[in-house]
Structure formats: structure tokens, C-alpha cells
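A.B. asks: Sequence:
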Amino acid sequence: MGTYRLILALLVAISHMGVSIFGVNEGVIAVISFLMISGFVMTALINGHYRNAQDIPAFYLDRLLRLQPQYLFYLALTLTYFFTVGIDDPLFNSATLESIILNVLIIPANFYMTETLNARVIIPPAWSLGLEACFYLTIPILVAFRLRHLALAISLIIFLFSYSTVIDTNLFGYRFLPGTLFMFLLGSFLCDAGRHGKLIILSTYSLCCSLLAATIIFNTYRVPYNIETLLGVVLGLPSIYLLKKRKYGKLDQTLGNISYGVFLNHFLLLWIWKELGLSISSPSQMTALIMTSITLAWASYQFIEKPAIQIRKDLRRSCNQNNQGQKPSNSGRVLETVSTAAGQDHILHSSLIENKDRGE
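Using full-length UniProt numbering, read the sequence shown as starting at 1 and increasing by one per residue.
Don't take every hint at face value.
[Unchecked claim] When the alpha-carbon atoms are kept at most 25 Å apart in a straight line, the in silico DMTMM-like pairs for lysine to aspartate or glutamate are as follows:
1) K244 x E26
2) K313 x D192
3) K274 x E26
4) K247 x D192
5) K250 x D168
6) K245 x D88
7) K244 x D192
8) K245 x D168
9) K250 x D314
10) K274 x D88
11) K313 x D252
None of these hints come from the bench; they were simulated from the model.
All chains, please: the whole structure from these sequences, using the hints.
C.D. replies: Written as C-alpha cells, this is what we have:
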């Protein structure tokens, strides 16, 4: 699944270069796939290592160690560039001590539209990392107390209100957890269907297909980003279902490992390209930017991410030892360990490796 994740990260980057496909924002479609992948992988991670309620703090630490190293690295790079060269962009054009602290915490970035963070999200795509972090806080509780079914139903109702413009479509249908949680949970049920899980997946998927068809054919509620979010579910869910059945090699894992860095660094590179007077509308410059992003992402994974991997391995090993003798869930037996590379809009996750712990 690593190659798929890198493709998603590149789609996000390309969308930020001003490229769209038939007028549709492919970056939004990619983000929805990231959300479902996150739900899938986090459920496998919990069932494989953090099965009990007392393991929830360890799970939170695991996720913190996953998100922060590369994020803080690129945050520091972007701030250095901002204070030395300057950035003229409506998404980020000022920085205060308060806003920097809020950016470090990641979750507040999800609420970029507030007065404190308006035009102060240092890595603009990090709003989706804030969304993902909110999901990380929620998913172990939903799994431990068997609340996934109820949570999906409530979230789907909220999404329907946003789809029909009763509440803000952009915020509650795409950016905030209440209206997107069902997307995460579709991935979660793909990993561990449990009771009635397959029926939930099929019925929710059918509803999304129907809404998408109605939006396109009858032009109903055609507002940002209804088409993209529904397309993300309609295209992403079967893709993840098919990809999860395959075994993956080292190349796929490597490609997945660099996807998080691409997600984090491409906006900084866009600003640098603009400062140098290079046009990203040129195919050659767009290719050069993408290759630079991939190279930088590989370096940050090797030198920033890898040192944190061993800590996560030790944390999981400790939880496994504490849980010895307890019967794991179905997905815990099949996916005793997982390897991910989150993140992001989002991200986010490496191949699932059966019976081997290869990092994340």
C-alpha cells in the first residue's frame, strides 16, 4: 500500500500547484483515501499491540512519536525560511509565539480558520494532520468500548447535514472530525468488520454512490467539496480493499515511507520555487519540484524518522508482553504488527506486514 500512499501524497502536492482534473480537486479525493487508510491501519495497530483500555496512553505516545519528528523538522525549516527570506501567502504570512506553539501541538492546526491561527498555519496542509490527531485520540476508545457502530451512524448523519448545506459543508463535510469520522471508520471496519461490519460498509458505500450520482446528474448540492469527498469514498474504499489483500516488497515500503515527507515539504518547496521565479506551470519545473520533494522526503525519513522507529518498537513490545496470554481479536491475529507512515492530509501508512514488525 506504500506506492498508493505516495501517489496520494503527490496528488495533494499537484493540487496545490493549481492542477485539477476535469475541474475536480484531486487533492481532496486523495485526503479521503488517507483518512480511510488511517482508520484501517490504526485498528490493526490497536488490535495488534494496544488491545486493552490501559494501553490507550501507550497508543497515544506511539502516535506522538510517529507524527512529531518529521513534522517538527519541516516546521523548523519553514520557520527558518519565513524569518530569513519571508513568505507572502494568504495561507501563512505571519507568526507569533502563540501561533508557533499551537502549530507544534498539531491538533490546533485543524482549526486554522480561528482568529489566532488565521494565516498562521506554518505548514498549510497540516490542518489534516490536526484532523488525524483528533482521530487518534478517539479511535482507541471507540475500539475498546465497542462504539464504532454508533460513532459511524452519528458521523454519517452529521455529514448528511453538511452535504445538504444545513451546516457548513466545507468544515463539517471535509475538515472536522464529526462529519469525517465515518470515513475513518469505513477503513476501520475494512480491517476488523466485527458484527454487522460488512453490512455497514456496503450500506454506507451504497449511500455515498447514490449521493455522488445525484450530485452529478441532478446538480444537487454541488458545493465544495461534496463531489470530491464522495469520490474519495467511492474510489478509495474499493482500492484499499483490493490493496490490503496483496503482499508488498521493499520497494513498496520505501515509497510509502517517503510519502509523509512529500506531504510535509511540498508547500515549502512551492514557496522557494516562487521566490526563485520558477514557474510551476512548466512541466519541467513541476517535475523538478516533485523530484526535489521526494529526495528531501527520503532524507528526512532516513535521518529524522528512523531513530524514532526503535522507540515505537520497544513501546509495542512492552505492551505485547503485558498482554501475553490474552486472546487477540481477528485483526490482531492476522495483523499482529503493522508498519505505517502516517500522515497525512494525511497520511500516512506503510504496508501491513504479517508477523513482522518493520517500524511503524
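A.B. asks: Going through the numbered hints above, which ones does this structure break? Give me the numbers in ascending order.
C.D. replies: 5, 6 and 8
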